[in-house]
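Asker: Protein sequences appear in the order of chains A and B.
Counting from 22, one number per residue, gives the positions in the first sequence under my numbering.
Counting from 1278, one number per residue, gives the positions in the second sequence under my numbering.
Keep in mind that a hint or two might mislead.
[Said to hold, decoys possible] Which bits of chain A does chain B cover? Going by a derived footprint, with three or more residues having C-beta under 8 angstroms, they are:
{"id": "1", "segment": "33–40"}
{"id": "2", "segment": "51–62"}
{"id": "3", "segment": "65–75"}
{"id": "4", "segment": "78–88"}
{"id": "5", "segment": "152–159"}
[What the hints assert, rightly or not] Not everything, but these chain A residues come out facing chain B in the computed CB check (under 7 angstroms):
{"id": "6", "residue": "Phe43"}
{"id": "7", "residue": "Ser44"}
{"id": "8", "residue": "Ser220"}
{"id": "9", "residue": "Gly223"}
{"id": "10", "residue": "Asp225"}
Don't read these hints as lab results, they were simulated from the structure.
The model shown is predicted, which means the values in this text are computed figures rather than measured ones.
No residue lacks a Cβ here, since even glycine has one placed at the ideal position from N, Cα and C.
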Amino acid sequence: MEHQPPPFFKTGPTPLARLLIFSALSVAFLVADARFNYLVTLRQAAAVIVYPFQRIATAPASIARRMGDFFVTHSSLREENARLTRDSFSNEARLQQLEALRAENAQLRALLEARAQIGIELVTAEVLYAARDPFTRKVVVDRGSQHDVRPGQAVVDDRGVVGQVTRVYPWLAEVTLITDKGQFVPVQNLRNGLRAVLSGTGNDGALDLRFIPLNADFQNGDQLVTSGIDGIYPPGLPVARVTQVERNADQIFARITCAPLSGVASHAHVLIVSANSAMPPRPADQQEPARPRKARKR
Amino acid sequence: MAEMRVTPHEILLPVRQRFIVFTLAAALLANLMPWPGVALAVKPDFVALLVLYWCIEQPRRIGFVVAWLLGMFMDVADGALFGQHALSYSILAYAGIVLHRRVLGFTGTAQVTHVVLLLLMNDLIVLAIRAAAGADFPGFQYFIGSFVAGALWLPMGRLLKLPQRPRLDPDHI
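Chain A with its partners taken away, still in its complex shape:
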């Protein structure tokens, strides 16, 4: 500032004028983004510019993780190896059963002339960072449209559903966690097949079951899996466990709180799952058993 011409020579528009220009531009962008979902291409372009920064910023953490992997002790490796072999054995046994069941299932479905269940595709992704935005629960993973990731795909870890891909950039994708306020997962009670909608509350570790009548059969410890009727989440993925059921006679719906099964806030690797099927005709054969039961209860 000391070596520049004094303000009365050339200053351009006054700060207030500039503020108004840039505020108007920002507000226009805000409205276009929030209300009309325009600006997708602009966002993509900005994302490509920011991408190198994102990779550089996350590099130290991933290098540290890899270094940690390198410096494991012999004994811990042996221990892990033994454990994995043990797990693998028990999994083998279960897999054999699964194969038999799958064959039987296919046969039965053929007999009933029901649609064959379609296999799922998996893409492994590494979580780069959790979004800094305190208003949402999102993570950014290192797979994007270049790796065939599409918005709407379900994201799972080894224990259950983590969230859903909500925005895709060329080499990155944003995953909205199931704990995000406004994120809904259609679920089914594993014990009795009751369907419900699970919604995030905005804090980690708590989910709400919405619009459940007071007399519906939900108990503490019930496991909820994806019902698959939305055509987005493949059916049967574990999502949450019921932790608290509150039935207040002066309210229309029961208050049911659940805890997510997946490590929603703490994972390094996730799987992006796509059930690539033309889903719409399927609800017909799944809804049959659930509907009459519900009707009888009322």
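Keeping the supplied structure of chain A fixed, place chain B upon it in accordance with the hints.
Answerer: Same frame as chain A, now just chain B:
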């Protein structure tokens, strides 16, 4: 204040444009780093802090365009609404540019108080935008970052002025 304290202004070398760009890029990187749980909650918004710093120190060198673009980048990286940080950083830049003489007239705690209030205003703007878009209040820990930024202000100022200090020639005593 009974006696008017005049701050001793150092005579410094002009700032290099490259240095400003470098510090802003570093702030962007710091914001994008994967911070673990608690650190993420108390972490200041480095980009807001640096934008405010340079708008106060060098209001002629950096201004709205830089603040606005950095806001856009932050919005994309956070997956937030497009334009929320752009708007809040623009207003922050305006406040910094308009108030730079006043803020620099204070030292120590008084200066930090100004900075914290400006950063809290920045937080409130983002909060208002998100509330208008239907978000919940994220709790008062949302504001902690600005106080941490206030605590960093003086050491950061000293650090960023290092390249501007005239180097004494050892041969010329």
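Asker: Could you run down the list of hints and mark each one as holding or not?
Answerer: Hints and how they fare:
1. 33–40: Result for this restraint: holds, n = 4.
2. 51–62: It holds: at least three residues are needed, and the segment 51–62 of chain A offers 5 whose Cβ sits within less than 8 angstroms of chain B.
3. 65–75: The restraint on the segment 65–75 of chain A holds, since 6 of its residues have a Cβ under 8 angstroms from chain B and three suffice.
4. 78–88: holds (count 4)
5. 152–159: Result for this restraint: holds, n = 7.
6. Phe43: At about 4 angstroms, which falls below the 7 angstroms cut-off, the nearest Cβ of chain B leaves the hint on A:Phe43 intact, so it holds.
7. Ser44: Where the cut-off is 7 angstroms and the nearest Cβ of chain B is about 6 angstroms from A:Ser44, the hint holds.
8. Ser220: violated (13 angstroms)
9. Gly223: holds (6 angstroms)
10. Asp225: Hint on A:Asp225: violated, closest Cβ of chain B at ~9 angstroms, above 7 angstroms.
Going down the numbered hints, you'll see the structure goes against 8, 10, while the others check out.
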